[in-house]
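There are 2 protein chains.
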Amino acid sequence: MAVYTDVTEGELSAFLQNYPVGQLLSYKGIAEGTENSNFLLHTTAGSFILTLYEKRVEKADLPFFLGLMDHLAKKGISCPLPVHRHDGSMIGTLAGRPAVIITFLEGMWLRKPGVVHCREVGEALAAMHLAGADFTMHRANALAIDGWRKLWEASRARANEVEPGLAAEVDGDFADFERNWPCDLPTGIIHADLFPDNVFFLGEKLSGLIDFYFACDDFYAYDLATCLNAWCFEKDFSFNLTKGTALLAGYQSVRPLSEAEKQALPMLARGSALRFMLTRLYDWLTVPDGGLVMKRDPTEYIRRIRFHRAIGSASEYGLK
Amino acid sequence: MAVYTDVTEGELSAFLQNYPVGQLLSYKGIAEGTENSNFLLHTTAGSFILTLYEKRVEKADLPFFLGLMDHLAKKGISCPLPVHRHDGSMIGTLAGRPAVIITFLEGMWLRKPGVVHCREVGEALAAMHLAGADFTMHRANALAIDGWRKLWEASRARANEVEPGLAAEVDGDFADFERNWPCDLPTGIIHADLFPDNVFFLGEKLSGLIDFYFACDDFYAYDLATCLNAWCFEKDFSFNLTKGTALLAGYQSVRPLSEAEKQALPMLARGSALRFMLTRLYDWLTVPDGGLVMKRDPTEYIRRIRFHRAIGSASEYGLK
Chain A
1 MAVYTDVTEG ELSAFLQNYP VGQLLSYKGI AEGTENSNFL LHTTAGSFIL
51 TLYEKRVEKA DLPFFLGLMD HLAKKGISCP LPVHRHDGSM IGTLAGRPAV
101 IITFLEGMWL RKPGVVHCRE VGEALAAMHL AGADFTMHRA NALAIDGWRK
151 LWEASRARAN EVEPGLAAEV DGDFADFERN WPCDLPTGII HADLFPDNVF
201 FLGEKLSGLI DFYFACDDFY AYDLATCLNA WCFEKDFSFN LTKGTALLAG
251 YQSVRPLSEA EKQALPMLAR GSALRFMLTR LYDWLTVPDG GLVMKRDPTE
301 YIRRIRFHRA IGSASEYGLK
Chain B
1 MAVYTDVTEG ELSAFLQNYP VGQLLSYKGI AEGTENSNFL LHTTAGSFIL
51 TLYEKRVEKA DLPFFLGLMD HLAKKGISCP LPVHRHDGSM IGTLAGRPAV
101 IITFLEGMWL RKPGVVHCRE VGEALAAMHL AGADFTMHRA NALAIDGWRK
151 LWEASRARAN EVEPGLAAEV DGDFADFERN WPCDLPTGII HADLFPDNVF
201 FLGEKLSGLI DFYFACDDFY AYDLATCLNA WCFEKDFSFN LTKGTALLAG
251 YQSVRPLSEA EKQALPMLAR GSALRFMLTR LYDWLTVPDG GLVMKRDPTE
301 YIRRIRFHRA IGSASEYGLK
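For the record, the sequence lines run as chains A and B.
Just so you know, the UniProt record's numbering puts 279 at position 279 of the first sequence, and the rest follows in order with no gaps.
Just so you know, the UniProt record's numbering puts 129 at position 129 of the second sequence, and the rest follows in order with no gaps.
In isolation and in its complexed conformation, chain A is listed as follows (with noise of 0.2 Å):
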């Protein structure tokens, strides 16, 4: 949670004026977002969000990110809609920084998510890979089994730190990989990030999409996977087997699984629990204590790699 950079008044007006927005009336720094700084702007046209991209995202990624956007948007996805600029362009600089201006999406991201709200991610994931599928930009998933290993290189030495065993543990999980990961499953445009704090509610609604920063090319399943993480596990990390149907079932009903991916499910669960617990153990183990970016408890998917190894098929998810 954090703003990184502030923004002038003198620079903000100046800024605005290449965006069809109306005049400013508020602007403040929202405490939201670990990547980037983020502004809730009021203005006489309606509200938006501007975004000033950190160092932490690729430049060069960025046309990708917003092309995806306002895609998506187009083909009815309730997501932010980057707002062009009057010169058709849609990335500024402000204060030193890409910026952009997307709309505001009403809606709230739930901290105890329910059934129904698992349902209807599930639901949302679909149409959001249905949407995407003629897309014609591609990104690689920078956080693949490589930019695992990457991540595990930087961190084993101090693994065990963490927990005891933890580097053997790991080790015999890349071993795994290396000889049961699926090659050849439905693959387009996914998230890659859908946690709760990425998706709006009206009550009992999904209003929107939000924080396609992570977006890139792989399985369709391995996103669901990862929404399997990130909705249907209690605090006490126990698996919620309802919600997990509800997830699956809300998928499902508006793009069926394949035989291959639903055989293919649990070890890509374990891959997605890995991917995050590595990026958790690399900041956990080299940002610095008290700095801005919030370090996150490894452990926790520690836990859910132990559950999916233990899987022996996707109906002990809840899939029909």
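Hints listed in this document are in silico derivations from the structure and should not be mistaken for laboratory results.
The structure presented is a predicted model; accordingly, all values stated were derived computationally and were not measured.
Accuracy of the hints is not assured; some may be wrong.
[Stated by the list, open to error] Label-pair ranges, simulated between beta-carbon atoms: (1) 88(B) <-> 154(A): 55 to 65 Å; (2) 17(A) <-> 22(B): 27 to 37 Å; (3) 88(B) <-> 45(A): 31 to 41 Å.
[Claimed, not checked] Derived coverage of chain A by chain B (criterion: at least 3 residues anywhere in the stretch with Cβ under 8 Å from a Cβ of chain B; other residues may be distant): (4) 21 to 30; (5) 158 to 167.
[To be verified] Among the chain B residues that face chain A by a calculated CB cut under 7 Å, a handful are: (6) 26; (7) 29; (8) 110; (9) 112.
Even for Gly, the Cβ is constructed at its ideal location relative to N, Cα and C.
Given chain A, work out where chain B should sit, using these hints.
Frame of chain A; chain B shown alone:
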């Protein structure tokens, strides 16, 4: 800049049922306010600020602060209006903390205020002083001379770490205050913290005053002296006489200063600079690095104290 306490959608919805504010559409933690947790709410009835009071604010003082905002708003001062609950009260409980809903004011606080803004602030400060004159509640200034002494006693032993010789220098200031601090100036409700981040503007026009959580009874001219410190010094610590002239003229256009107030102004400005130096110094020496409380450099106010010490008469601030 911080949100110390997060709020779940369930407890927030339950809380809002006590207020005539319509249905919740979104809430975002905002990165403003150093003492409390603040959220910007959108509801079907408009925009509101939700404030959760953290431990730095004395709960017993809340009726004074909220009553004052209520009083001033009804007198035509543009400031947040506390929204009354259905039972008529203003203070609820949320996430275990005292919490209130106040109306949202459009406008920007200025990172780079100019001369025209200084005049506006002077006028608004005087208008606030007049409007508060018939407010019936009272609150002693916890950061008057006795409060300064306590801060100084807690910091003096390490003051020379900040700048060699500082301890003896400030001892000298206290000796002067014992002899020369005024005791019989016009007194009433003052804002006591009217820095640029507590004043909103739309273009060149002042649109509102916020953050009354230091308000108290003290000399009106002391409040004006605080504004001289907060608005009329440049980043290089030079005093901008044009801004000082504008601030003082704006104030006197609404509430002319008495001869005694004019004569006291250099001493009041020096005392006010000492007050902000001391709270900064105390935080500097006691708050751990990397905590949520932003530590501000006390030396900015040491420079101001020295400037005021050399002032012979208030005409040097631009007073006519």
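Okay, the hints, checked on the actual structure:
no.: 1; hint: 88(B) <-> 154(A): 55 to 65 Å; result: holds, 59 Å
no.: 2; hint: 17(A) <-> 22(B): 27 to 37 Å; result: holds, 33 Å
no.: 3; hint: 88(B) <-> 45(A): 31 to 41 Å; result: holds, 37 Å
no.: 4; hint: 21 to 30; result: holds (count 7)
no.: 5; hint: 158 to 167; result: violated (count 0)
no.: 6; hint: 26; result: holds, 5 Å
no.: 7; hint: 29; result: holds, 4 Å
no.: 8; hint: 110; result: holds, 6 Å
no.: 9; hint: 112; result: holds, 6 Å
Hint violations for this structure: number 5 only, all remaining hints satisfied.
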